[in-house]
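Asks: Please model the complete structure; the sequences and the hints are all you need to start from.
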Amino acid sequence: MAVARFSFLSCLLYISTVLSACPDQDPTLKPWSNANSWPSGQVPQENDEVIINFPVLVDTSPPQLSFIEIQNGGKLVWSRNGDHSVRLGHILIKNGAEMHIGSEDCQFDRKARITLLDEPEGTNVPSFGDKFIGVEEGGTLELHGKDKRSWTKLTKTAPKYDKTLGDIYKHRDNSPSRSPGVFVYHFSVSVPEDYDLVNDKAVLVSGSIHQRLDYWNQDKVNSAIANLTNFLNGIPDGDIFAIATQKNFLGSKDASAIYSVMDALGATAFKLATTNDAYVAIGLKGHTSTVQEVLGGDASGGADYNEASITYIVPNIEREITVTSYNHGVEEWRSYTEFHVINTYLTRPVISVYDDVMNEWNVGDKVFITSTDYRWYHVEEFTIIECSQCPPKFIRLDHSLKYEHYGEIYKRVDMRAEVGLMTRYIHITSEVSEGNTNGGHVKFLKGFKRVAVEGTELTNLGDPLILGRYPLHYHMCYDLADRTLYPQESYLRRNSIHHTQFRCMTIHGTQSAYITDNVCYNSVGHGFFLEDGGERNITFYRNLGLGQRRFKGDTVLGVTGAIPADKTKGPATFWITNPLTTLVNNVAAGGEGIGYWYIFPHIPTGPSANKNFMQPGEAKNTRITKFLDNSCHSHETCLFVDNELEDDLTFGGYNHYNPKLDPLDPSSPPAPALFDGFTASKCTVQNLWIRSSPVIVRRASLSDSRFGAFLLREDSVWQVFEDSVIIGLSDNVGENLSFRDRDITGFRFSKGPITVRNTWFGGFESSAVRTAAAVGNQECMTHNDPRNSLDNVMFDFNDGPGKRFLFRDCTSRSADADAVFSLRDNKKALSASDVTIVTNKPFLLTKECKIRSGWNAAYCPFLYGKVLVTYTDRFNSDMHVYRTDGNLPSLHLGLDLEKHFLPILGGSHSYLVRIAGSLPSTVNFDARAISKKNNVLIAFCVPRNAEIRFEYRMENFNKRPVHSVTSRQEVLDSDTVGTYYYDSANGVIFFKLMHEVEYGVEEIARCPDNVCPRARVLVTSGDLTDSNCVSRFSAVSEYTQPSSGTATNDDAILPATSADPPETFGHGPTYPF
4 MAVARFSFLS
14 CLLYISTVLS
24 ACPDQDPTLK
34 PWSNANSWPS
44 GQVPQENDEV
54 IINFPVLVDT
64 SPPQLSFIEI
74 QNGGKLVWSR
84 NGDHSVRLGH
94 ILIKNGAEMH
104 IGSEDCQFDR
114 KARITLLDEP
124 EGTNVPSFGD
134 KFIGVEEGGT
144 LELHGKDKRS
154 WTKLTKTAPK
164 YDKTLGDIYK
174 HRDNSPSRSP
184 GVFVYHFSVS
194 VPEDYDLVND
204 KAVLVSGSIH
214 QRLDYWNQDK
224 VNSAIANLTN
234 FLNGIPDGDI
244 FAIATQKNFL
254 GSKDASAIYS
264 VMDALGATAF
274 KLATTNDAYV
284 AIGLKGHTST
294 VQEVLGGDAS
304 GGADYNEASI
314 TYIVPNIERE
324 ITVTSYNHGV
334 EEWRSYTEFH
344 VINTYLTRPV
354 ISVYDDVMNE
364 WNVGDKVFIT
374 STDYRWYHVE
384 EFTIIECSQC
394 PPKFIRLDHS
404 LKYEHYGEIY
414 KRVDMRAEVG
424 LMTRYIHITS
434 EVSEGNTNGG
444 HVKFLKGFKR
454 VAVEGTELTN
464 LGDPLILGRY
474 PLHYHMCYDL
484 ADRTLYPQES
494 YLRRNSIHHT
504 QFRCMTIHGT
514 QSAYITDNVC
524 YNSVGHGFFL
534 EDGGERNITF
544 YRNLGLGQRR
554 FKGDTVLGVT
564 GAIPADKTKG
574 PATFWITNPL
584 TTLVNNVAAG
594 GEGIGYWYIF
604 PHIPTGPSAN
614 KNFMQPGEAK
624 NTRITKFLDN
634 SCHSHETCLF
644 VDNELEDDLT
654 FGGYNHYNPK
664 LDPLDPSSPP
674 APALFDGFTA
684 SKCTVQNLWI
694 RSSPVIVRRA
704 SLSDSRFGAF
714 LLREDSVWQV
724 FEDSVIIGLS
734 DNVGENLSFR
744 DRDITGFRFS
754 KGPITVRNTW
764 FGGFESSAVR
774 TAAAVGNQEC
784 MTHNDPRNSL
794 DNVMFDFNDG
804 PGKRFLFRDC
814 TSRSADADAV
824 FSLRDNKKAL
834 SASDVTIVTN
844 KPFLLTKECK
854 IRSGWNAAYC
864 PFLYGKVLVT
874 YTDRFNSDMH
884 VYRTDGNLPS
894 LHLGLDLEKH
904 FLPILGGSHS
914 YLVRIAGSLP
924 STVNFDARAI
934 SKKNNVLIAF
944 CVPRNAEIRF
954 EYRMENFNKR
964 PVHSVTSRQE
974 VLDSDTVGTY
984 YYDSANGVIF
994 FKLMHEVEYG
1004 VEEIARCPDN
1014 VCPRARVLVT
1024 SGDLTDSNCV
1034 SRFSAVSEYT
1044 QPSSGTATND
1054 DAILPATSAD
1064 PPETFGHGPT
1074 YPF
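Here the sequence shown stands for residues 4 to 1076, numbered as in the numbering used here.
Do not take every clue at face value.
[Stated by the list, open to error] Derived DSSO-like pairs: lysine-lysine, alpha-carbon spacing no greater than 27 angstroms straight-line: (1) LYS850 <-> LYS935; (2) LYS97 <-> LYS449; (3) LYS850 <-> LYS830; (4) LYS405 <-> LYS159; (5) LYS405 <-> LYS163; (6) LYS223 <-> LYS274; (7) LYS151 <-> LYS396; (8) LYS151 <-> LYS369; (9) LYS830 <-> LYS844; (10) LYS204 <-> LYS163.
[Claimed, not checked] Pairwise CB distance ranges, derived in the manner of DEER restraints: (11) THR277 <-> TYR198: 42 to 48 angstroms; (12) CYS393 <-> VAL559: 26 to 32 angstroms; (13) LEU275 <-> ASP734: 55 to 61 angstroms; (14) GLN618 <-> LEU1027: 32 to 38 angstroms; (15) PRO964 <-> SER1024: 22 to 28 angstroms; (16) THR875 <-> ASP734: 19 to 25 angstroms; (17) THR277 <-> ARG743: 54 to 60 angstroms; (18) ASN890 <-> ALA674: 46 to 52 angstroms; (19) GLU107 <-> THR653: 39 to 45 angstroms; (20) SER130 <-> GLU1005: 53 to 59 angstroms; (21) LYS166 <-> PRO129: 57 to 63 angstroms; (22) THR571 <-> GLU954: 45 to 51 angstroms.
The hints are simulated quantities; they were obtained by calculation from the structure and are not laboratory data. Bear in mind the structure is a predicted one, so any value in this text is a computation, not a measurement. Using N, Cα and C, we set each Cβ at its ideal position, and we do this for glycine too.
Replies: In structure tokens form, the structure reads like this:
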């Protein structure tokens, strides 16, 4: 390899601070193409290593180079006077060096292309490796392609190609029985006054003829020529004729008599065709200047076949005729002719978009339309073609649509497909040999002088097998807002990153980065990637990401760039590892995993671990900075807030996310994470899963997913879902119909306390194959809070055909375990009055309750609390709970179940608890959702004639005074906590679970003031095996009450409450508005 190293002495003084608005106008720049610019007297040659320490203007496309290294005082600037490209291994920008393609005030509007080259395990430059553009400390990289809007949205549904409308006429003849010869077609044009571009044919077949010319008899050949001549002469002037030869159309006899006829038409090349040539012609009869013809000889297909094809555009009516002749000399059965009349308004469709993008986008630009179905890969790519008659905000595409792309806002859910731009004026790419993944990368190190990348296209970059190789990469740059370290703002904006080997953008060990208006499309692994968890104050604004595909291979910590979440559960379009992140108006428009994944490490991982970016445990107690007006569709899960990122970059478990006002103060009050204005649709698993307490989800618009929304508390703090819209199935049907045949639930209740209020549900009609419910439960969840509630919810369907609520049984455990679910229905949300929804268990029901078989549940006019009974080894013993009326309806809580139950509050019912076998010496009774007024009387079986100590305390562990009284009635009448009565003769202790205060107005908590009462029973002496008091209890008349009766059925249809959501519910139109 030739080596040429160039330098330029400081005698030609270059003052870098003197810049014109357009960097290529700097008079000190030396043209690359001029040999006199180079100290050696010659321009760099192929495979040269080019070192620059003086100002150079790229005014030509040099031969392939080894690399360019720009050193102190060096400056490389692209000229705007032409389209120039560079092919090389890498470009290194060192301290004091600069590279410019345009500027903020003089954006680049020509074509600049940089192609990075190298095979795996090639050059290894410290901190960069190979195949890169790298900026070291003190270096400057300025890339400023001319502004083009990064993406827009459809404003009208773009239908898939309809062959019945698009193929106006098609005749393809490859029949073995069809003899060789000549086809001629006569087409006429008929356009009505009220011409419909889509439905009117406009081009009609007026006749056709096929004649053999390969007869061994000359008379037959002459007769065939006469027939062809008569047919052609019969076509009126101005109508369209089309000609195609069929197979080896000529024989040994003289067919020259047809030549003059063809010449008169303007088909003058017909006479040049030999027997095995393919030939086609088309034009207007009587207008020879309109005739187009193609003669396909051996050069068209080689020795075995030849072909000819031509397309004739019928002016002004969006119709074209394609004529094809394909002649295979060896396998004649493969030969065919075809005449095809096409509706070009459908084969080259015009789409309607929100923005007038053709002021910025150009004919020839590459674009894509995102999927609006469950599968992201229904995205389609196109080239923009000329459309002189298109009004503003319309684009014409170069081919038909394979899939429908929805373009409507359906009942406050914006499901319009995004239209993204791939083509930019500046293009950075790399060549990757087959079977490899070693794409190039662009990397910035701490202390660079200036990095600004905008209006740039980046393709085929990144490498999942090598750590640190990403298309755009801030690497351990610390705080970009530190103006001592970074005097000028750095940003990455309006770039199109697509078809990459790995990722799109990585922010690593860097704070205060601005990621704005970028497109990330079709990449392996996470798209927008916060690497270690120490990346604070990152802003993602109006970015569009889609097509993140799973990595296939092994991940090795510290070796591969790919991490476990790139191949399992993920990847995520937005991988967010620090809560101090702002996301506004972004779209995750489809991928194989998750749209937005919030996952935090206990402390930052990797190189950020010892940089003091975040304190241990700080992330899990820090509020998310801002999540506003983002949207997502066509993933498995759209928004996922859960799991913890481990030091080895594996993930799992719960996230323990409990944001506080002061994240470093364990006693600080909780502060809700707010997810505002989220829109999600067409996710195959769920639209939204958030584990956080407290949390507010506000103005969400969710549609077309198996599960609409699911909130899980991590700590015993409230959660709110409000002002939202949840749709089961919309009119965006799509093609993945199997997903519409699954059972669907709008909002699943679990744990809590959760309040769902001011929310509209629509499209939850069940079918023969699908059970749909607006509201439901998480199966097999035993930790439901009795204060879970609905308030001011609306439905667009009658309850009967559709289900407002459905309780789904847990089939993997005892049926009585389901008896811990309850849901408060405030303001007649589900039923006709303020009630509580409970499971259909006699233990929970009275004659005042109504059973709705369609809900698999009942509703009752009571408030229920929750009592948790805890003692040593409770999972190895049975417990029975009896309601003390009638025949003592009971619950049996077996060996493997939590020991808790739902009592009716307010004093109307009391409960007896018995632990089977030998009684534990200490048993705790913890109350939930119980206040001073809404309390419950508990009786508990203990040994007879034993020594019993009773304690009562609040959850703050301050004991309350206890008072022993002489009867059950005294306990019932007492309004003081800690009152109890021990009936030693029958072996039962009575006490009331009661709070000292009431709930505050609008208070959402598991207990008033989030402090819960606990009663404790301690047996200090006595026979612990004497613990079954049920028969003795029942024998005392004052201990039991008359039967509360039996619930009756109510299967009346509940009418729809609102056909459409209020304008204040849900998000409605998303960006662009």
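Asks: With the threshold set at 27 angstroms, check whether the alpha-carbon distance from LYS151 to LYS369 stays at or below it.
Replies: holds, 12 angstroms
Asks: Are the Cα atoms of LYS223 and LYS274 separated by 27 angstroms or less?
Replies: holds, 19 angstroms
Asks: Taking 53 to 59 angstroms as the hint, is the beta-carbon distance of SER130 and GLU1005 inside that range?
Replies: Holds, since SER130 and GLU1005 (Cβ atoms, about 56 angstroms apart) stay within the stated range.
Asks: What's the verdict on LYS405 and LYS163, does the C-alpha distance respect the 27 angstroms limit or exceed it?
Replies: At roughly 5 angstroms apart (the allowed maximum being 27 angstroms), LYS163 and LYS405 satisfy the hint.
Asks: Below or equal to 27 angstroms on CA atoms is what counts here, so check LYS830 against LYS844.
Replies: Distance ~24 angstroms between LYS830 and LYS844 Cα, so the pair holds.
Asks: Determine whether the Cβ-Cβ distance between THR571 and GLU954 falls within the hinted range of 45 to 51 angstroms.
Replies: holds, 49 angstroms
Asks: Can you let me know if the beta-carbon spacing of GLU107 and THR653 is within 39 to 45 angstroms?
Replies: holds, 43 angstroms
Asks: Holds or violated: 54 to 60 angstroms for the Cβ distance of THR277 and ARG743?
Replies: Holds, at about 58 angstroms.
Asks: Taking 27 angstroms as the top limit, are the C-alpha atoms of LYS151 and LYS396 close enough?
Replies: holds, 14 angstroms
Asks: Determine whether the Cβ-Cβ distance between ASN890 and ALA674 falls within the hinted range of 46 to 52 angstroms.
Replies: Because 50 angstroms falls inside the window, the suggested range holds.
Asks: Next pair to validate is LYS850 with LYS935; report whether the Cα-Cα distance is within 27 angstroms.
Replies: holds, 26 angstroms
Asks: Per the hint of 42 to 48 angstroms, is the separation of the Cβ atoms of THR277 and TYR198 within bounds?
Replies: holds, 43 angstroms
Going through the hint list in order, the structure does not satisfy hints 12, 14 and 16.
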